[in-house]
Amino acid sequence: MATVLGTAVALSGAVAVLASEGDAAAGEPIAPAAPTLQTLDLAPVAGSSPTGRSFSAPGSLRAESAAGARVVPQRTTGRFALVGATWADPRVVLDGTVEIRTRRAADGAWTGWQALESDEASPAEPGSRDADDARGSTDPLWVGESDGVEARMAADAGRTRPLPPGLRLDLINPGTPGPLTTPAAYAAPARAPRVATPPRPTPELVSRAGWGANEAIVKGTPEYTTDVQVVFVHHTAGTNSYRCSDSAAIIRSIEAYHVKSNHWDDIGYNFLVDKCGTLFEGRKGGVTRPVLGAHTLGFNARSSAIAVLGNYSGRAVPAAVKRVIAQVAAYKLGAYGNTPAGRVGLISSGSDRYAKGSRAMLNRISGHRDTGQTECPGTTLYAQLGSIRSIASAGPADFTLAKVNGATKVGDTLYTRGTLRPFWRTTTPSSLLNRFDVLVDGELTASAPSAHRNELLRLAEGRHILRLRAVALNGRMANLSVPVVVDKTLPEFTSGPSVLLRTGSLNGIVPVRLRWAAADAGGLSGVSLTSPVTATFGAATTAWAGSVPPSTDTTYALKATDRAGNVRSTAVTRTPVVASEALADRSGTWSTLSGDAYLGGEALRSTAANSSLSWSFTGRSASLAVSRTAVSGRVQIFVDGEPAGMIDLRSPQTLNKRAVWTRSWNDSDRHTVKIEVEGTAGRPGIIADGLVYLR
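With mature numbering (1 follows the signal peptide of the UniProt record, and there is no 0) applied, the sequence shown corresponds to residues -19 to -1, 1 to 676, in that order.
What the hints contain is simulated information worked out from the structure, not anything from laboratory work. There could be a bad hint or two in this list.
Unchecked claim - Heads up, simulated DSS-like pairs for lysine-lysine below, C-alpha to C-alpha not over 30 Å straight-line: (1) LYS469 x LYS384; (2) LYS384 x LYS540; (3) LYS337 x LYS200; (4) LYS265 x LYS303; (5) LYS469 x LYS540.
Claimed, not checked - Label pairs and their in silico Cβ distance ranges: (6) LYS390 x ASP648: 40 to 48 Å; (7) GLY93 x LYS337: 37 to 45 Å; (8) ALA521 x LEU564: 38 to 46 Å; (9) GLY93 x ALA14: 50 to 58 Å.
The beta-carbon is built from N, C-alpha and C at its ideal position, and this holds for glycine as well.
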């Protein structure tokens, strides 16, 4: 007897040809189709097939010669892609081996024989709706698009029990999903703190709508348990040679097998992941809540399960698969404060390894085999669970402050005007993080999603402690703190800027000195000169020496910056004037010298003692212009009628157009500078080239 659920096709013992999706007219759009189930009874061997052909099973298993053997003779079927065997009593463990071979729809070639794995009773939780009408089953096997099947079964050696009644093959066609819908965002539990924290990020996954779940076959609403204490890792067995583009179809087939063949409410697993590391939502309602699944006999309550598509009894586990399992475990366990590296004792509801009511000590991340007599999740995947626990239980690694915009760090302290944006980094991937918290003086100020790495802050004036906290999905945290000074007060120029004449060359320029003093209560960062040239100075610098053109208005502009970035600017304009020797009042004997060596082409020379030159001017700084030679003598200087010192003009080398003496005043006023020749013995002569003053 054979039936097809969801199609208008019936199979008898004879060969039947079924319509398939490929029969649509060329160019005709194919409407979305729900997954379908075909069932074929495994009938007792009668010596020949219903088609009149005898089948001799190659290999060690010879179905037709084994006592109590069952077969499905080679036949044409409707299109299918997944095969399993089921029987009536879910409590019965199959004492035998079912092998199948299928015909590929693409080229009509028959595959080799493949075993359907079965090693424990139905994992449906006793007392749940899944268990109400459940059937026993093997693990389903993905075979790809096929249109023919042959099956055989023989009892295991030493079997004394009869084969279970109702034994049949279940053939699943995954169908084609309808247009994808945008899944609703998974809501986090409602909270109303002063600062809203982002919801715990759900792992990036393909939703049920995304993989085309058939919601029409799901029975009732999800059943929930109290929390998640353990995450169980499974593999679906079968083949690893599937294309990742077929993963959605495989999962649709598993859903149909679990619901239509096993008679469960929905797909049994909470999550599934393919070999490429793509995560899929499993049982409905279980991403953010502890939904009761049908995956681990005796321990479905207070647990969640993730199944890896494929067989990992010998194949290496891709790194992407390990990361996704770790992420799901951190997410589900961390929601209830459970560390993925821990252990917990759970009471069994009854399995072939732990009797009902017995206590099992389990790792928080366990394999299916830890609770049942099964090879699942395969030897190689099981061997990786320790590494997966380490990944899932790790705290945020290498959590550091990368930079802070809007602030300057001096020593260990940040200085800011109040608005700043800290940037942080961690080597832990965002998929394993929950969020980042920003606390100011111990109070939560902002909370950023796991993918964010900066936050804009506005702080009140004064001293604060800024703390950044990285929170992993598993609940572990990493913290870093830094003192912050918020300073909104501008620095002050406590004196200056003042411009003074200085000694040096007067060859087309006038040497000047700029002086200032600046201070800031929070700390001065530095001072910069923006005119007549640009220069940057440290906080301790209070002067700059330079040269400017004569007889030209020159602006001296300064900018003081404190550690927080506050800026105070100031400027002053001064004009240097060259008063030639011809403008001086003379007394005594003077002779005129001519040539390019002198300012304006001329200078005055005297060797007579007490000969003098006197200049009157209005200004705030003055310097004497002379030529210096090896035989130059000394001059006495008088300022506003008072002696101001003796200057020796002798120099080992001749220096023309030189400023050799300066005098400055706080304000501009009327002044007189007079020089008087000493008549120095052996070198009485001096050369006067004028007076420079600053107005």
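To see whether the hints hold, each was checked on the structure:
Between the alpha carbons of LYS469 and LYS384 the distance comes to roughly 21 Å, so the proposed pair stays at or under 30 Å and holds. Under the criterion of a C-alpha separation no larger than 30 Å, the hint pairing LYS384 with LYS540 is consistent with the structure, at around 25 Å. A C-alpha spacing of about 27 Å is found between LYS337 and LYS200, which places the hinted pair at or below 30 Å, so the restraint holds. For the given pair, LYS265 sits about 23 Å from LYS303 by alpha-carbon distance, which is consistent with the 30 Å threshold.
A hinted pair counts as satisfied when its Cα atoms are at most 30 Å apart, and LYS469 with LYS540 qualifies at roughly 16 Å. With their beta carbons about 43 Å apart, LYS390 and ASP648 fall inside the hinted range of 40 to 48 Å. Under the hint 37 to 45 Å, the C-beta atoms of GLY93 and LYS337, about 41 Å apart, fit the expected range. One distance hint, 38 to 46 Å for the beta-carbon pair ALA521 and LEU564, holds here, with the actual separation near 42 Å.
Checked against the given bound of 50 to 58 Å, the beta carbons of GLY93 and ALA14, roughly 29 Å apart, lie outside it.
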